[in-house]
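2 protein chains.
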Amino acid sequence: MKNTDLLGKVRDRFILREMSLSEILVSADLAKLGDVYLNFAYSLAQSVQSGKGVNARVPSKILASALKSSGLKKELPPRTSIHGQADAVEALSVYAWLKGIVTLEELVSLLSQRTDDPAEAFTEAMNETLKRLLAREC
Amino acid sequence: MKNTDLLGKVRDRFILREMSLSEILVSADLAKLGDVYLNFAYSLAQSVQSGKGVNARVPSKILASALKSSGLKKELPPRTSIHGQADAVEALSVYAWLKGIVTLEELVSLLSQRTDDPAEAFTEAMNETLKRLLAREC
Chain A
84 MKNTDLLGKV RDRFILREMS LSEILVSADL AKLGDVYLNF AYSLAQSVQS GKGVNARVPS
144 KILASALKSS GLKKELPPRT SIHGQADAVE ALSVYAWLKG IVTLEELVSL LSQRTDDPAE
204 AFTEAMNETL KRLLAREC
Chain B
84 MKNTDLLGKV RDRFILREMS LSEILVSADL AKLGDVYLNF AYSLAQSVQS GKGVNARVPS
144 KILASALKSS GLKKELPPRT SIHGQADAVE ALSVYAWLKG IVTLEELVSL LSQRTDDPAE
204 AFTEAMNETL KRLLAREC
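So the sequences go chain by chain: A and B.
Per the working numbering: the first sequence ends with 221, consecutive numbering throughout.
Per the working numbering: the second sequence ends with 221, consecutive numbering throughout.
Calculated directly from the structure, the hints in this document are not laboratory data.
Wrong hints could be hidden among the right ones.
Pairs involving identical chains hold if they fit within one copy or between any two copies, as the list cannot separate such chains.
Said to hold, decoys possible - SDA-like, lysine to any residue: derived pairs with alpha carbons at most 20 Å apart: (1) Lys92 to Leu187; (2) Lys157 to Gln132; (3) Lys144 to Arg96; (4) Lys135 to Arg219; (5) Lys144 to Glu220; (6) Lys144 to Asp95; (7) Lys151 to Asn210.
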């Protein structure tokens, strides 16, 4: 079976070389992929903690709360809906994964530390992602 | 950020050391994780092919068809529902990923070769998974 760097292909299609943080956060393509990515990561984190298989969807309110707590909400246009705010977290998360900034294992690790408080867990994940993203740009 | 082999933790919790093929196929824990795993892999494959972000759910009928074509259906109890047959494909797929038998990239590669015929794509993925699984057992 050939393994032809498929993640590279996805990266090349959906990530512009010079993509600003604001562009990432409103990318509809990244948000769609990010939705299934976060559901997978969150289900893994919940499964680790509960000791049984979990198939979880992350509520938009949780993601919107994390966006606000991490200070990222101000990067979005005014009056962006809760759904749009959740999309922004999904887009940034899968961007970080595609770029190799935060691996799936690292995200699951972060999320499984605070399964009692998912909004806090996603805030910490956003803070870490942002910190690494900005460190790469310097 | 510590990276404490979280996938290993998931593996240890949900995969018995000596798990037969029949046990894998009917594991409810693996099926739940496998559902979100396959949706993510399938969305990536569809995104690669279409050139836009896709958030896809894999229909149970497609997975049930792949189970039958790959000869795995006979490993399930008689009169297993379509949903139960789809669960079996999901369980085996995430088992193979957790065990390092088929990586996410390899699965996406297989699925993206036949996006015109998802049932055929999943059949090929199942055939390859099964071939590698049996090769490890010899």
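Hints, verified against the model:
1. Lys92 to Leu187: Both: 18 Å inside a chain and 14 Å across chains, each within 20 Å.
2. Lys157 to Gln132: Result: close neither inside a copy nor across copies, 33 Å intra and 34 Å inter.
3. Lys144 to Arg96: neither (29 Å within a copy, 30 Å between copies)
4. Lys135 to Arg219: This pair counts as neither: shortest intra-copy Cα distance 37 Å, inter-copy 26 Å.
5. Lys144 to Glu220: neither (30 Å within a copy, 46 Å between copies)
6. Lys144 to Asp95: For Lys144 and Asp95, neither the intra-copy (31 Å) nor the inter-copy (32 Å) Cα distance is at most 20 Å.
7. Lys151 to Asn210: Within one copy only: 11 Å inside a chain, 46 Å across chains, cut-off 20 Å.
Hint violations for this structure: numbers 2, 3, 4, 5 and 6, all remaining hints satisfied.
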